[in-house]
Structure formats: structure tokens, C-alpha cells
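Number of protein chains: 2
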Amino acid sequence: MISEAVIKRLPRYYRHLKQLSDSGVERVSSNKIASVLNITASQVRQDLCNFGGFGQQGYGYDVAKLKNELAAILGLDKVYDLIIVGAGNIGRALAGYKGFKDDGFYVRALFDIDPRCSSINGIKVYQMDFLKTYLNQNQVDIAIIATQKDSAKEVASELIANGVKSIWNFAPVELEVPEDVTVENISMSESLYVLSYRSKTRKEKKNSAQ
Amino acid sequence: MISEAVIKRLPRYYRHLKQLSDSGVERVSSNKIASVLNITASQVRQDLCNFGGFGQQGYGYDVAKLKNELAAILGLDKVYDLIIVGAGNIGRALAGYKGFKDDGFYVRALFDIDPRCSSINGIKVYQMDFLKTYLNQNQVDIAIIATQKDSAKEVASELIANGVKSIWNFAPVELEVPEDVTVENISMSESLYVLSYRSKTRKEKKNSAQ
Chain Y
0 MISEAVIKRL PRYYRHLKQL SDSGVERVSS NKIASVLNIT ASQVRQDLCN FGGFGQQGYG
60 YDVAKLKNEL AAILGLDKVY DLIIVGAGNI GRALAGYKGF KDDGFYVRAL FDIDPRCSSI
120 NGIKVYQMDF LKTYLNQNQV DIAIIATQKD SAKEVASELI ANGVKSIWNF APVELEVPED
180 VTVENISMSE SLYVLSYRSK TRKEKKNSAQ
Chain A
0 MISEAVIKRL PRYYRHLKQL SDSGVERVSS NKIASVLNIT ASQVRQDLCN FGGFGQQGYG
60 YDVAKLKNEL AAILGLDKVY DLIIVGAGNI GRALAGYKGF KDDGFYVRAL FDIDPRCSSI
120 NGIKVYQMDF LKTYLNQNQV DIAIIATQKD SAKEVASELI ANGVKSIWNF APVELEVPED
180 VTVENISMSE SLYVLSYRSK TRKEKKNSAQ
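Protein sequence lines, in the order shown, are assigned to chains Y and A.
Going by numbering that gives the first Met the number 0, the letters in the first sequence line up with residues 0 to 209, in that order.
Going by numbering that gives the first Met the number 0, the letters in the second sequence line up with residues 0 to 209, in that order.
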């Protein structure tokens, strides 16, 4: 059983190794990884040990090998079928995001209560009331909720009732879901609040130092 | 000194209390907060104690009061001036995001190497080479990086060299910044990787159970 904390760090390792690999770097030490990711080197070694311990004393990690191993662990060697519910600013931005396909994530359809366009970036936009039928006829690995706050809970219920097990939630609400369903929240406002908290404390420190 | 972990949880408390307050709820127990946020009640009480301990045995927390206290702690009773660098899909979506103003975050300008529109949602789009001049003439509390991966590091350096202390990074790179600068990453791909990891392990479990 891999701990939650490790699972959350894995994607950061993967992303960093992908960057290194793209830049032609062939090997890397745990110290170097640690300094970029702002964690300790022993943490890095411990985390990667959980997945087979590929590092070698005095040599470090083979970037390409470790990247591929992590990709396999993260399931990035597969193709995932996605849908997006909500075709507002966020939904449209996601539909146009080029990075997904590189990792095997394919957005197959959008749904909206008021579809103004019949397709966005080549992806068909359907009426909300077609969602249930669509889910029953198509494989959907991940559903993105990009609706307004008020409709997010209802949308989540409908997705779950029709077999969706992974939800990527961009709406600013906490969703309560059954145990076998995974929700990942992209909490934009939370991240912004951390920044405002730091701006504020920074200003306070500056003022009290004067 | 408040720990990193608590700072990260504060916004979630705030958001939940705002939801309760918007729904007309006047008081709430630590148990109720804990169940929605998926943490333990004793954690909730401990966290909120760090900020003055507003709860009362048998009564719970006064929602409005706690919400306002948290808003003040998070610095949400102030106005913040934001700029967005990069006017692609993400930059445009952020420029159109209505939720920011409610919390006092005002996007004042966008910058792009190739501005196709002179303004987006009433916000002026400037040429990238005007960024330095703009930063020297205007107060910028938070800068959003919504550029491609390859330019993000260079943009961050320019922002920091011209006095920006808070960066909200939407580009999929780890930025290395001086100690007095705060970076919050909206790591879309990381969040998605967690979902793919879970989809994969769910499928594996299902297959091995068959």
C-alpha cells in the first residue's frame, strides 16, 4: 500500500524527469532532484525505493529508465477517455489544452446546459440531457466537472450514478462521493488564498520591521 | 509560526464556511466540518485553535464569525492587483473568471508575445516587452504565469527582477525562486496523473479479483 503523500509526489517526480529527458539529461542524483522539488534527498530515495529502487550509489538514476518506470506506475502508458461537463471559460480552456494528448488523455465530448457552439477544437458539444445516454454508450475513464459551483454536486451525482469512477473537479465545491470514486480537485481559489495569505504576512513583517 | 500544512488547509476551511454562510447556516460543529473536508474532528479543532480557538463546547462554531476571522487571516479583506502573463487558453480563461473579484483579486493587465486582441473581458493585453516598464510603474501583488512551458522560467526571472513577490504558476515547470518569493503551482497534469494512477490501480484490482 503506497501512502497518499507518496502518490501525490509521484507526478512531480515524473514531470521533472520528463523535463530532464526532454533536455537530453541522461542521469541525475537524488540530491539534484531533491533541490529542484524542494524536498530532502533522503525523501527522494525513500519514495523511489517504494517503486523498486532504481538508483545506484555514485551514479544516480538513469533518467530515461526512471521516467518510463514512473510513467508505467502512473498509468501514463495507456489511453484515457475524458469528457468535460460545462463549456464555460474553464471547460473551453481545457478542451483546447494541447498537453493532454501527449500523456494519453483524450477529451471525447463536452456537455453544457446551453451549448453555444456545436464543437470546440474539434470536440463535439452536447446538450446536458444527453449525458446519461452518452455515459451508457461510451467508455469514460475520467469526467471533468467545469460547471458553476451550484450545479457541480448534481453533475457529480449523475456521473457517478452512470458509472464514472474518476472525477476531476474544477468547480469550487467539496464533492462527497462513494469510496470507490476518486475526486481530484483543482482548487484555484485555494491556491490563490495561499498567495494572498503570504502577501499579507510579507507586508506585515515589512511594516513591523520598519 | 504556522505550519505549511495548516496554511494549506486554511483555504479549505474558508471555502467551506463561505458555502455554509451562503446557504444560511449559522453554526457548525467540528465533526461536521471534518466529515465534509475528509479530515478528523480533532484536526479541525487543533487547526482552528491556532487562530484563536473560536469554538464552544456544545455549540460549535459561529459560521459568520469564523468565516470573517479566516478571511482576515487569509488577507481576503484586502484588494490584490494581478497581472497575467500569457494570453493563450489558460490566460484567457483566467481573465474571464468571475470568481476572483468576489475575493478582492483584480486582474489589471495581460501580457503576450503575440497579442491577438487588444483587450480580453475589458482587460488590456500588452506586448511582452512592455512588462518591465509596467512592473516599474504599477503595483502588482500577484503575477500569473500562463505561458508555454519553455518560456515560464524566463518570465519568472523577469517578474522577480522587477519586484514581484507572489507568482501563481500555471505552466508545467518547477520554478526555482529566491526565498522571499512565493510560488503556488496549479499543477494540472499532476492532478490528472493522480487520477490516471487511480484508474489504473482500480482496473488492476478489478482484473485480479475476476
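Derived by calculation from the structure, the hints in this document are not laboratory data.
The reader is advised that the hints may include incorrect statements.
What the hints assert, rightly or not - Listed next, the in silico EDC-like pairs over lysine to aspartate or glutamate satisfying Cα-Cα at most 16 Å (straight line):
{"id": "1", "chain 1": "A", "residue 1": "K148", "chain 2": "Y", "residue 2": "D101"}
{"id": "2", "chain 1": "A", "residue 1": "K164", "chain 2": "Y", "residue 2": "E203"}
{"id": "3", "chain 1": "A", "residue 1": "K202", "chain 2": "Y", "residue 2": "D76"}
Unchecked claim - From the derived model, a few chain A residues whose C-beta atoms are all more than 10 Å from chain Y:
{"id": "4", "residue": "N37"}
{"id": "5", "residue": "A40"}
{"id": "6", "residue": "A92"}
{"id": "7", "residue": "G98"}
{"id": "8", "residue": "I159"}
{"id": "9", "residue": "T181"}
{"id": "10", "residue": "E183"}
{"id": "11", "residue": "A208"}
Here a beta-carbon is modelled for each residue, glycine too, at the ideal position from N, C-alpha and C.
Quick rundown of the hints versus the structure:
no.	hint	verdict
1	K148(A) with D101(Y)	holds, 14 Å
2	K164(A) with E203(Y)	holds, 14 Å
3	K202(A) with D76(Y)	holds, 14 Å
4	N37	violated, 8 Å
5	A40	holds, 16 Å
6	A92	violated, 4 Å
7	G98	violated, 6 Å
8	I159	holds, 14 Å
9	T181	violated, 4 Å
10	E183	violated, 5 Å
11	A208	holds, 12 Å
Hints 4, 6, 7, 9, 10, counting from the list given before, are not met by this structure.
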